[in-house]
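Q: Sequence:
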Amino acid sequence: MNKPLELILKQVFSSSLDATESRKAIRTQIRSARRNISASEQSRFAEQASHSMLAELIQLKAKHVALYLTNDGELGTQRLIEMLWQRGVKVYLPRLHPFSKGNLLFLAYTSSTPLVQNALKIWEPKLDITQLILLHQLDVVVTPLVAFDLAGNRMGMGGGFYDRSLANWSLIGKPYPIGFAHDCQQVATLPCEHWDVPLPMLVTPTRVLKFDPKL
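This note's numbering numbers the first residue of the sequence shown as 1 and each following residue consecutively.
Keep in mind that the hints were calculated from the coordinates and are not lab data.
One or more hints might be untrue.
Keeping only pairs whose Cα atoms sit at most 27 Å apart, straight-line, the calculated DSSO-like set for lysine-lysine is [said to hold, decoys possible]:
1. Lys-121 x Lys-24
2. Lys-63 x Lys-174
3. Lys-101 x Lys-174
4. Lys-174 x Lys-210
5. Lys-61 x Lys-174
6. Lys-126 x Lys-90
7. Lys-210 x Lys-61
8. Lys-24 x Lys-101
9. Lys-63 x Lys-126
10. Lys-101 x Lys-126
11. Lys-210 x Lys-90
12. Lys-210 x Lys-63
13. Lys-90 x Lys-174
14. Lys-174 x Lys-126
15. Lys-63 x Lys-90
16. Lys-101 x Lys-121
17. Lys-61 x Lys-90
18. Lys-121 x Lys-90
Generate coordinates for the entire structure from the input sequences, incorporating the hints supplied.
A: Okay, here's the thing in structure tokens:
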């Protein structure tokens, strides 16, 4: 016997609500866990993870790498940025697109790049189109995240900025996304949506996780 339409809609809505609440709970839990990491541990973890990430970027022969500035207890990126500068690798940072809501631009970042705080209270490069790089010109995007699982699924802050930026990467192979996170950000299973872009690789202070069978 076919289920009444009203019952089907109720079940779909309930399932969607459960997933939304689950994602919210995971974000709250993981953000709290990483904020509680001490400053000394943050420094040590960033050093360890940066060396591992650098080794992977060298293997990938990456010359144009997008990173992000650490915020809200995220695994520190400054050490990695300095390592890349020392090797002559071009570093880029995201900034909110001024005209296309929900999208990112990537601009070159050096020690003299002026920064401004955006609407999300995150520091980003001041808009200068001469420093702009197109997505397909980036070799690697090191992505921030709130949580991940061992299937390579990534949960961001909920804005979908990186999912939009990386939606087509697998079609042309660029820019290659690599997650960068604390070990405490791993969860058993993430509730995923069809727009979520899984990661082929993720680096933590203790592990390099490769989810792409070709790696």
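Q: Now tell me, hint by hint, if it's right for this structure.
A: Now for the hints, and whether the structure bears them out:
With a CA separation close to 20 Å, the supplied pair Lys-121 and Lys-24 stays within the 27 Å bound. For the suggested pair Lys-63 and Lys-174, the alpha carbons sit about 12 Å apart, so the restraint of at most 27 Å is met. Taken as a hint, the Lys-101 and Lys-174 pair is honoured in the structure, with Cα atoms around 23 Å apart against an allowance of 27 Å. Proximity of Lys-174 to Lys-210 is assessed by CA-CA distance (about 17 Å); at most 27 Å being required, the pair is judged to hold.
Straight-line distance between C-alpha atoms of Lys-61 and Lys-174 comes to about 13 Å, which keeps the hinted pair within the 27 Å bound. At most 27 Å may separate the alpha-carbon atoms for a hinted pair to count; Lys-126 and Lys-90 meet this at roughly 17 Å. The straight-line distance between the Cα atoms of Lys-210 and Lys-61 is roughly 17 Å, inside the 27 Å bound, and the hint therefore holds. Between the alpha carbons of Lys-24 and Lys-101 the distance comes to roughly 22 Å, so the proposed pair stays at or under 27 Å and holds.
For the hint linking Lys-63 to Lys-126, the alpha-carbon distance of about 22 Å falls within 27 Å, and the restraint holds. Proximity of Lys-101 to Lys-126 is assessed by CA-CA distance (about 17 Å); at most 27 Å being required, the pair is judged to hold. This hinted pair checks out: Lys-210 and Lys-90 have alpha carbons roughly 24 Å apart, not beyond 27 Å. Only pairs whose Cα atoms come within 27 Å are accepted, and Lys-210 paired with Lys-63 is accepted, the gap being roughly 21 Å.
Taking the CA atoms of Lys-90 and Lys-174, the gap is near 16 Å; set against the 27 Å cutoff, the hint holds. Restraint check for Lys-174 and Lys-126: the C-alpha separation of about 25 Å stays at or below 27 Å, so the hint holds. For the given pair, Lys-63 sits about 6 Å from Lys-90 by alpha-carbon distance, which is consistent with the 27 Å threshold. Taken as a hint, the Lys-101 and Lys-121 pair is honoured in the structure, with Cα atoms around 16 Å apart against an allowance of 27 Å.
For a cut-off of 27 Å, the pair hint linking Lys-61 to Lys-90 stands: about 12 Å separates their Cα positions. With a C-alpha separation of about 25 Å, the suggested pairing of Lys-121 with Lys-90 holds against the 27 Å cut-off.
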